[in-house]
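Participant: The primary structure of each chain is shown beneath.
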Amino acid sequence: MTIVHTVQSTAIRVAVKGDLDLKTADPLREALDKLTDRYRDKNLVLDLSEVDFVDSSGLGVILGRYRRLAPQSRTISLCGVRPSVKAVFELAGIDSIINVTDYVRGRSETAAPQ
Amino acid sequence: MNRVQLRFLSVADNVGLARVAVAALAGQANFSLHDIEEIKVAVSEAVSNSVIHGYPGRDDGWVELDLELDPTGISIVVEDWGVGIADVAQAREPAYSQDPERMGLGFVFMESFMHGFDVESTLGKGTRVHMRRFVTLSGELSRDAQ
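So the sequences go chain by chain: W and D.
Per my numbering, residue 157 is the first one in the first sequence, and the count goes up by one each step.
Per my numbering, residue 136 is the first one in the second sequence, and the count goes up by one each step.
Pulled out of the complex, with its shape left as it was, chain W reads as follows (with noise of 0.2 Å):
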């Protein structure tokens, strides 16, 4: 697993590349707070675009931080979803509190910051 961060005027938008299981929950795990506790005014984007598996390890490190983040009014967000991994979110429930967005075939979801 690889992580990219670029730092926007409002969020934090993390592009993850590998599967997100019992390996590589604690390393992002510990990324992704690093990042959230350096940049406290900042929202999360998850971009997955280059993540074709997701099991309930890598979607408790989801979870964890959505929890982290919703008492300082924070968000955190999904984008570039693949058909895969959106049937593992689907199950848990995970559209109904983190907003979600597909993978669209061709658009580049790691481009530069607006």
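To be clear, the hints were calculated from the coordinates, so they are not data collected in a lab.
All C-beta atoms in this analysis are idealised placements derived from N, C-alpha and C, irrespective of residue type, glycine included.
Just to be clear, a hint being listed does not mean it is correct.
[Stated by the list, open to error] Sample of chain D residues lacking proximity to chain W, with all beta carbon distances greater than 12 Å (derived): (1) Arg138; (2) Val139; (3) Val150; (4) Arg193; (5) Trp197; (6) Leu204; (7) Thr207; (8) Val212; (9) Asp222; (10) Glu228; (11) Leu258; (12) Lys260; (13) Arg267.
[To be verified] Simulated restraints on C-beta separations: (14) D:Arg138 with W:Val160: 33 to 43 Å; (15) D:Glu228 with W:Asp193: 30 to 40 Å; (16) D:Asp195 with W:Thr166: 41 to 51 Å.
Position chain D against the provided structure of chain W, taking the given hints into account.
Facilitator: Here is chain D on its own, set in the frame of chain W:
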């Protein structure tokens, strides 16, 4: 018909290895890519449970994956010889997990994504998860016709 048995140590890296193995074998049958993605999630959950809960704090426990492909589908057994589960019925409830970030969704995913699922566990002896997924023919006929 095909059968694969894989034995590996209880380390997090092997969760991905188990997924690759099951995806490769399921690819030999008429499963759609969508089916294979769901099977991968179920296997990932079962193997993760063995690694985290079967052998807590240990990376030297054995986990065995036994995959059997037949004309109707795939049968998957994930077994460990770890600490076991005290109350299987309770463990299968959503949000059972003691770790606030894990939410106990593993069993929910296994049950939802597979067509048959059962758990046998004995404290101090280990846990055996058996799952089955049937090949569904909808959509496959058109693929064969191409």
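Participant: Evaluate each hint against the coordinates.
Facilitator: Hint-by-hint comparison with the structure:
no.: 1; hint: Arg138; verdict: holds, 25 Å
no.: 2; hint: Val139; verdict: holds, 20 Å
no.: 3; hint: Val150; verdict: violated, 5 Å
no.: 4; hint: Arg193; verdict: holds, 14 Å
no.: 5; hint: Trp197; verdict: holds, 17 Å
no.: 6; hint: Leu204; verdict: holds, 21 Å
no.: 7; hint: Thr207; verdict: holds, 23 Å
no.: 8; hint: Val212; verdict: holds, 19 Å
no.: 9; hint: Asp222; verdict: holds, 20 Å
no.: 10; hint: Glu228; verdict: holds, 14 Å
no.: 11; hint: Leu258; verdict: holds, 23 Å
no.: 12; hint: Lys260; verdict: holds, 23 Å
no.: 13; hint: Arg267; verdict: holds, 19 Å
no.: 14; hint: D:Arg138 with W:Val160: 33 to 43 Å; verdict: holds, 42 Å
no.: 15; hint: D:Glu228 with W:Asp193: 30 to 40 Å; verdict: holds, 34 Å
no.: 16; hint: D:Asp195 with W:Thr166: 41 to 51 Å; verdict: holds, 47 Å
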